[in-house]
Amino acid sequence: MKNAGCSSKPRDLSRRRFLSLAGTAAVGAAGTSLLTGPGALAATTGAGSAAPATKKPITISYWNHQHPPLIDFLKVKMEAYRQKNPNVSFEFQFASNKDHLQKLAVAMGTGTGPDMFNLHSAYTLGYQSKKLLAPVPPELVGYKSYTEMRAEFLSGALDGLTFDGQIYGVPMQSNAFSLFINKKHFQEAGLDPVKDAPKTWDDVAKVGKKLVKMDGNRMVREGFDFGYHLPTWIMYQVQPIIQQHGGDILDPAGKAAVNSPQAIKALQMMQDLLYVQRVGDPTLTTNTPANANDDFVQGKLSLWLTGPWAIETLKPNPEVYQNYAVVPHPQVNPAKPITAVYGFNLCVNAAAPPDKQAVAWDFIRFLTADPIEWMNKLAFPIPRKKWYEAAGAQQFPYLKVFIDDIAYGRPLVKSTHFDEILGSMERAVQRIMLNKGNVKEALDLSAVEINKAVGK
Amino acid sequence: MRGSLRRSWPLPRVSATVFVVLFTAFALVPVAWMLSSSIKSQGEVFQLPIQWLPSRPAWLTYVQALGRYDFGRYIGNSLFVSAAITAMSVVLSSLAGYGLAKYRFPGRNLLFLLVLATMMLPLEVILVPMFLITKQLKWLNTYQGLIVPMAVEAFGIFLMRQYILGIPDTLIEAARIDGASEIAIFYRVILPLCKPVLATLAIFSFRESWDLFMWPLIILTKDDLKTLPLGIALFESAYQTAYNELMAVAAVSLIPVTLLFFLFQRAFIQGIALTGLKE
Amino acid sequence: MGAAVRRAVRDGAAGFRLPPHAGWGIAFVLPAFLLLLIFRVYPILSAVAVSFTDYDLFSTPSFTGLSNYSQLATDPQFRQSLLASITYVVGVSIPTWGIALALALAFDERVPFRNLLRTGAFMPVVMTAVPVAVVWKFLFHPFGLVNVFLSRFGVDRINWLTDQSTAMPALIIVGIWRAVPYFMVIFLAGLQAIPRDYYEAASLDGASAVSKFRHITLPLLRRTSVLVIIMTVIVTMKAIMNPLIMTGGGPAGMTRVLPLLIYQTGFQYYRMGLASAMSVVMLLLVLLFTVWQLRLFREKT
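Residue numbers (numbering that gives the first Met the number 0), protein chains in the order written: chain A, 0 to 455; chain B, 0 to 278; chain C, 0 to 300.
Next comes chain A alone, as it looks inside the complex (with noise of 0.2 Å):
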């Protein structure tokens, strides 16, 4: 992935703002946007600023989850943050993604948890319905105001932060999935890999059928298939695609809808894909939660969802990797396309004494501050609006077709029960996708483990 450097041009920033860094000293900072970036407002406010209150040493603790990419690009940052800051150290660790989140529950539930982390957007709910995060002070991030900041970030991605009016979090990452294929299945198998991506369901079944390849009757090579190796991902599929047919996980009354007319057809149209159409075989499967990409690295499988951060991990197969492309996300009307967003976000502890907070939404303001950055380096969206309009960001290999897919994204379905749900749904579509269950079954099933879950 190119490296477009550390931009220090001014992007997405309102003439307003711009005039206002007119004024700002220049602080050798080594080599990210401070200077033009949100955060430079905050260091010409007054009240409540950018630079930390005290001058005296404070270590900030700080958890992630494990990401080599991402784990070297924080200590990058937080080294140049301590460069500014001085007085300022960091206690980091970082654990694979479920490690993360057990440790993080223990530690919060006994009252040592570390002064700020990075928590999955499905859980910030379940989490701040227990009083463990500390609302954002917007103006320590670089907004006067919670309708200020809101209006820089795009539509949903704030949606599973904000609770009776407050935000509890920043993203540092958010994602829908697009469709990545594979060009040279498709022209292999005499298609065209412009003209003949799939825009739609209908189109998935077509062009996957094509894609196949058969070995005596073993398949070698799925056209299209789910993944199923991890409950969330499951949801990131599923959800869409139930909501794309005019259902959702639950109605507004917040009672499980998994099992309405619309949702089984959704289902029953996945099922068909794999048994009717026969566009792919999940028992062939070799993705991990580790390693969620396999298939398609493999060149096992030509038509597959996932996020922008998959093109790293197409590096160490070069035949996927110099022949991949992306298109979007497939709809079942693409005049009003829908997706699922999901993403992760820092948060700080509620628990944590007041002037390690305000250090720690200073740090996550220095650290979230150039998203052209996060995008070319990590292959992270940062969901602020404009940025991604800016020259710098055009390098990002297929840009436009990520920040329209997470454009269209709705959140997670938003419950302090989401785990629950989300088990209840990977049994759903395990016993659909897997087994060939009857789809109508195993939806009422599950809707009845959601109904006692969510105790409705």
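Keep in mind that the hints were calculated from the coordinates and are not lab data.
Only a predicted model underlies this, so the values are computations on that prediction, with no experimental measurement involved.
Mixed in with the good hints, there may be bad ones.
[Stated by the list, open to error] For each label pair, taking beta carbons as the anchor points, the in silico distance ranges come out as:
#	chain 1	residue 1	chain 2	residue 2	range
1	C	168	B	66	36 to 46 Å
2	A	81	B	71	22 to 32 Å
3	C	64	A	81	44 to 54 Å
4	B	48	A	250	40 to 50 Å
5	C	283	A	88	44 to 54 Å
[Claimed, not checked] Below 25 Å or equal to it, Euclidean Cα-Cα: the simulated DSS-like pairs (lysine-lysine) are:
#	chain 1	residue 1	chain 2	residue 2
6	B	134	A	129
7	A	76	B	221
8	A	74	B	221
We put the CB at the ideal spot given by N, CA and C, even for glycine.
Using the hints, position chains B and C against chain A.
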């Protein structure tokens, strides 16, 4: 003469060899695959059909993998912690096993049952209260916090008790008549007879403590005391895992326990001849 | 002397008199027991107490009486998990006992390269949990080694880990692979305690190998056998890593054994009270089994 008397296998000796070889092959297949993965390139690991030997063995994977994180420190910590736990476990379990096997006191059977009950729950269930106790002792992020809560496992006590039950009481009585103190009896009469089970206990204690993951994960929030399993887990990242490197480090982590087993095997084959003691 | 004590106690004549050296017995047990008391017994009691509350890991818990337990009684997910656990425990324990014993006996013979082979056979125990699960998951792939091996015997392709009916058998096979060497070593240690003199005497009497096995080996291995039976049940009942990594408890919950359900309920759903209740049920089941086994093989002291 040892072993020339067919002592326990009820069938012809050849069948024993065949059976043993078959099982060992079954046992080793996954290990073989693990080793073969460790010298493959990242993309080759999950290729099907299975390729045992990669096209170009990447021996450097080991160097790469071990260099990725502070494995020197992790291995050092693991060695220290496991050795400490093993030592404590062997001493305390054999003492307790002897007490439960050869002494009678009120509530003994209930105590034994209580001891057994302590290993019937998975760690996750008692994780939070254990953490709180450790926190109160101010043992978070310390070696003692890693070692002491794990130093005794009911299994060790059970193992020693069952074994010591088989030692004839007459030996103990005889020693008492000779005027030996209770401690001396334990040290001079019981322990020497327990070599096979002590070796077993040492191997199992070391192995269990070598593998400990959840406990160090929860009580360590600084890097200096991290143990090997935590290091291995670092390879599992959010989107893509270099399984070849993971397997390489896992292969390295096999060495201490395997070595220990290989060396202690002699204790299993020594056996005892009680007649010799009557003199 | 024991009879005298009993008589004295019964008569109440001499007051209560402790058995001889009782104090020493307690002293020997005390150090280990103290550690267990602090780091195991107390936390377990804590968990039992939590099972009567609505503790969610973060807020102050409030007492809810038996509601968690009554919830479990009507919870189909708990029933499924219980069934999965029992299936796994029985499926692994019985073959493990048999194969481990056989292996120990076989290794007791003068097998060529015995030390090396024995170390090789022990390797399943040495491998750490994550690589074990990752490797076996791959071996059970429809095009993986297990199916390749089975196809030599004309067995059609089995979708081991995605098919609801074969996921548990796959886990059981891995469970056996892992448990057999572990208990083989314990049987080996137990075998060493059988004095060779007995076999010599039996040989002089002209006993056959089978007869020696039935009349010397088996009876004298009883204590070890009880240990193995109880420990296999305890160990397999607690198993979480393989189901977690190989199947995630699926497909459709078929391999969602109790420890996995408890972990999810407590640490992912934050229903710690309910998770504790599940653990108490699990503890009681294993405890009852243990008491039963100990009674069956009670020492005739």
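Item checked: Hints not upheld, ascending by number -> Those not satisfied: there are none.
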